[in-house]
Amino acid sequence: MSKSTTGPAIETSGLVKTFGETRAVDGIDLVVPAGSVYGVLGPNGAGKTTAVKLLATLLRPDGGEARVFGHDVLREADAVRSRVSLTGQYASVDEDLTGTENLVLLGRLLGHRKPAARERAAQLLEAFGLTDAASRQVKNYSGGMRRRIDIAASILNTPDLLFLDEPTTGLDPRSRNQVWDIVRAVVAQGTTVLLTTQYLDEADQLASRIAVIDHGKVIAEGTKGELKASVGAGAIHLRLRDAAQRPEAEKVLLRTLDAQVQTDPDPVALTARIGAGTVAGAWAADRTETAAADLGAADQAARALSELTAAGITVDSFSLGQPSLDEVFLALTDHPATVKEEASA
Amino acid sequence: MTTAPTTDDRSAELAPVSSESLAAVLIAKERPPRPSAWSASLTFGWRAVLKIKHVPEQLFDVTIFPIMMTLMFTYLFGGALAGSTSEYLQFLLPGIMVMSVVMITMYTGVSVNTDIEKGVFDRFRTLPIWRPSTMVGYLLGDLLRYTLASLVILTVGLILGFRPEGGAAGVLAAIALLLVFSFAFSWVWTMFGLLLRSEKSVMGVSMMVLFPATFLSNVFVNPDTMPGWLQAFVDVNPIAHLVAAVRALMAGSWDTGEISWVLISSAAFVAVFGTLTMRLYNRK
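Heads up: the protein sequence lines correspond to chains A and B, in order.
The opening residue of the first sequence carries number 1 in UniProt numbering; numbering runs sequentially from there.
The opening residue of the second sequence carries number 1 in UniProt numbering; numbering runs sequentially from there.
Simulated from the structure, these hints should not be mistaken for lab results.
Honestly, I wouldn't trust all of these hints.
[What the hints assert, rightly or not] No more than 27 angstroms apart at the CA atoms, straight line, and that leaves these computed lysine-lysine pairs for BS3-like:
| no. | chain 1 | residue 1 | chain 2 | residue 2 |
| --- | --- | --- | --- | --- |
| 1 | B | Lys51 | A | Lys139 |
| 2 | B | Lys51 | A | Lys114 |
| 3 | A | Lys139 | B | Lys118 |
| 4 | A | Lys251 | B | Lys200 |
| 5 | A | Lys139 | B | Lys53 |
| 6 | B | Lys53 | A | Lys114 |
Let the sequences and hints guide you as you build the complete structure.
What follows is the structure, given as structure tokens:
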């Protein structure tokens, strides 16, 4: 199998998929470079799963074009299928069969002879720490084990492009870290991974480029750094000892940080969204000589704290948080991430 | 499934992912040539057999149900229609065998439909294999169930006193013909399995088609006493032709006219519903 090392793994232009009245995917243009993790970030119902299904040849686009390693997903579906693998949101293995049976079944379908399929299944189960569960039916697996067997099934033949649709949704933090380790190992071997997620920190941990999608459209795209710069590095949450000092603290924060400051319902709490760059820069006219956005989030926080102390304001607690998905959405769309049913078909 | 409470305990004892062996597995980049259409279909057939192995209860439909049908109708109608149950059994058994097997073909649609709901179907559809092999696989697994049902009914019949004049050869030929037809007829259900949204609606439609198709035939009675319009329906009902052919084979005569009717209608079922099934499968 020849492997095109040049050219992007995925290229789409104006990709559209409608379900009745709903435009689940509404003109998506994407270029996913080969050899890295590309994160697709968005809330439930944003069209992530639909987009993945279009690219994995499970759905036929209603408009636009999509190419995977240069092959059209509609006209050269078979060529696309031989290069990609999909791990869906729900276990894409047969729950009635055992772990071994599932992997042998898929191995056979990929053209391995029975002994080779058995050997490959045993190797994968071993690598994924599932040897003890090999002869148990998948329906008796825990959530973390299901994810593992699922990903194992996707790399039976090391794919050139692996779709992971919300691989860690519903997993406990420990299993989530293990899935992340697997993704890193897969990418290290040269496979391109397209990962959809609802969690910004997951995209942050794994992806080198991120597309944020909402209502079937790409609303932001770029490297992690670019995305964060457009959204802000995060937020400083402060709790003061004395509620009376809050207006004063707000002024100090406005002066020292290139930030939007908002007061929380709690009378002693306030939040400063830092590093909002251009957005905040426009109205923070009286900012200090150093461009605050050039500093890292922690440096900015340190600076704010010392200014507050100098102003005689007592800070009881302080935390520095990454922007949440909600905050990203707020910044990008002026509306919070709406949760609705993901359109599936 | 309510496995949630135990999930944490299990993942806690779960062995860690070994990144070294994972890398070793991933490095093996050799890709075997894609399997032939036949080999892919057989592999899916193997899957169906594995499912029977893991969930043997599903064999109730092909064991208890046919026994029930045979006993019920033999004793219910035997005295009234043929004067005695043993006499009626000679007439009824081939028919009830056809009816039972044709009725259990609908489970093909149900299993296709339940699979779609699960992610495994998506995985199969992203494999670079001969597209119909998934469907053919279901049917190969189902052929095993049909064979089992036929043998169960034959055994019950023999115990009750059914004595086919066609001997072993005639009975085997009759069962073979029944299997050919059932395989072809099942494509109707793979289509509905893909088309309809729930298992219940698949069952509903199956019943709506199967009840008239099996009862309005020559399974229970000779159609001569039926009103003309009903006879006209029975004349074109492929299941009636199948019953006639199977009955003749078991009685030791090769009714080439009826046999060709069955083979031609089987080919037509595959051509029409096989095509529709694959269109739906590709568009899903």
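Here is what the structure says about each hint:
With a CA separation close to 13 angstroms, the supplied pair Lys51 of chain B and Lys139 of chain A stays within the 27 angstroms bound. Straight-line distance between C-alpha atoms of Lys51 of chain B and Lys114 of chain A comes to about 19 angstroms, which keeps the hinted pair within the 27 angstroms bound. Proximity of Lys139 of chain A to Lys118 of chain B is assessed by CA-CA distance (about 12 angstroms); at most 27 angstroms being required, the pair is judged to hold. For the hint pairing Lys251 of chain A with Lys200 of chain B, the CA-to-CA distance comes to about 64 angstroms; that exceeds 27 angstroms, so the pair is violated.
Pair hint Lys139 of chain A plus Lys53 of chain B holds up; C-alpha atoms about 15 angstroms apart against a cutoff of 27 angstroms. This hinted pair checks out: Lys53 of chain B and Lys114 of chain A have alpha carbons roughly 19 angstroms apart, not beyond 27 angstroms.
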